[in-house]
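**Q** Based on the provided sequences and hints, a complete structural model is requested.
Protein sequence lines, in the order shown, are assigned to chains A and B. Letter 102 of the first sequence, counting from 1, is numbered 151 in this note's numbering, and no numbers are missing. Letter 133 of the second sequence, counting from 1, is numbered 182 in this note's numbering, and no numbers are missing.
Treat the hints with care, as some may be off.
Because identical chains share one entry, a pair is satisfied inside a single copy or across any pair of copies.
[As the list claims (entries may be wrong)] With a straight-line cut-off of 20 Å between C-alpha atoms, the simulated EDC-like cross-links for lysine to aspartate or glutamate are:
#1 158 / 128
#2 97 / 150
#3 158 / 103
#4 158 / 68
#5 158 / 116
#6 158 / 76
#7 97 / 189
#8 158 / 192
#9 97 / 122
Derived from the structure by calculation, the hints contain no laboratory data.
Number of protein chains: 2
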Amino acid sequence: MSRLDLFIDRMVSQRACLEHAAALVADMNGPAFELGLGNGRTYHHMRKVLDPRDIYVFERAVASHPDSTPPDDMLILGDVFETLPQALDRFGPVAALVHADLGGHDRAKNDTFARNISPYVQPLLAPGGVMVSSDRMYFEGFEELPLPEHAVPGRCFIYRAPG
Amino acid sequence: MSRLDLFIDRMVSQRACLEHAAALVADMNGPAFELGLGNGRTYHHMRKVLDPRDIYVFERAVASHPDSTPPDDMLILGDVFETLPQALDRFGPVAALVHADLGGHDRAKNDTFARNISPYVQPLLAPGGVMVSSDRMYFEGFEELPLPEHAVPGRCFIYRAPG
Ligand SMILES: C[S@@+](CC[C@H](N)C(=O)[O-])C[C@H]1O[C@@H](n2cnc3c(N)ncnc32)[C@H](O)[C@@H]1O
Ligand code: NI
Ligand code: NI
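**A** Below you can see the structure in the form of C-alpha cells.
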C-alpha cells in the first residue's frame, strides 16, 4: 500500500464512522467534541452531519482552513491533557459524540498517546455516547462497535458508553 | 459536500487516473514528472505504480513526509515557470507521464494557473504521453481522455499527446 492508499482509507473510514456515529446519537442531547482540528476537514464534515449540535474543538495550535475554523467560543485551546479535565469540570459527562484524530505518522507513538489519553476521554461521554477514533482506544467498560460499511478495519474505531 | 467529501474525491480520482495513465504508457520509455510534491502522497503512489521508471519531481519548497521525499538527483527545485523550460532543454520531449497537483484551495486562481502553465507542460510530453491533472488544462491538439472507473468528474483530468 502506498501512503496515498493508507490516507484514502483513513479519510473514508473517518467519514463512514462519523456518519454512523451521528445516526447512533441522533436522539441524544449533548455536544460533540472534536479532538484535534488539523486542516479542519473532519470538523467541516461533522458540522454537516451533526448540525445544529454544538461542536467544541480541542486544539493546541489552530492551523485550519478559514472555512473550517470554529468560532472562538467553540474553540478550546491548549494541550488535551489539560483541557479535557477542564471540560469535564465545565460540562460534566454530557458528550454525545467524541471524535479524535490526534496522531501523527508514528504508529507506536500514536498507540502510546491513545493509551494515555483514553482515561481523559472516557468520563466525558454521556451514557450511550459514542467515540470515533483513528487509533485504538483503551477504555474500561465501553463496547467496541462493529464498523459501518466503507470503513476499513484498523483505520478507524468506534466505542459506545453503556446506556 | 463537505471539504472532507471533496478531498476524498480528489485523492480517489488522483489514484484512479494515475493507475490508468501508468497502464496507458506501460510500453513507452521516458521518465515521469511529478509537478508539486506537497506531502508526497501521490509521489509515493507513483513510485508504486511506475516502478522502475524514473520520476523527476518539480517543487518550489520541499515539505514532504521523509519516506516520500525524492533523492536529490531526482528533485528539480524552483518555480515551475522556470524549471519546466530548463527540463525541456535538458530532456527534450520525452515524458511518458506528467502528473500535476499544483493548486491550492482557490478555484479561480487554480484555473488561471493551469491556463498559464499549460504551454509549459505541453512540449515536455513524448508522442502518446499522458498528462494527469487536478485542474482542467489548456492544451492545443491533445485529446482529453474519458475518466477511468472510480475517478470523479471535475476532480481529475487526463490528456494524451497525439502518438
Ligand atoms: C497540493 S500540493 C501537492 C500534493 C501532492 N499531490 C500530495 O499528494 O501530497 C501542491 C504543491 O505544489 C507546489 N507548487 C505550487 N506552485 C508551484 C510552482 N509555481 N512551482 C513549484 N512548485 C509549486 C507547492 O509548493 C505544493 O507543495
Ligand atoms: Ni512515517
Ligand atoms: Ni477555501
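**Q** Now tell me, hint by hint, if it's right for this structure.
**A** Taking the hints in turn, this is what the structure says about them:
1. 158 / 128: Classified as within: same-chain Cα gap 16 Å, cross-chain 36 Å, threshold 20 Å.
2. 97 / 150: within (18 Å within a copy, 27 Å between copies)
3. 158 / 103: Intra 31 Å, inter 34 Å, cutoff 20 Å: neither.
4. 158 / 68: Neither, since 27 Å and 32 Å both go past 20 Å.
5. 158 / 116: between (30 Å within a copy, 17 Å between copies)
6. 158 / 76: Result: close neither inside a copy nor across copies, 36 Å intra and 43 Å inter.
7. 97 / 189: Intra 31 Å, inter 41 Å, cutoff 20 Å: neither.
8. 158 / 192: Neither way: residue 158 and residue 192 sit 24 Å apart in one copy and 48 Å across, limit 20 Å.
9. 97 / 122: within (19 Å within a copy, 45 Å between copies)
Checked against the numbered hints given earlier, the structure breaks hints 3, 4, 6, 7 and 8 and satisfies all the rest.
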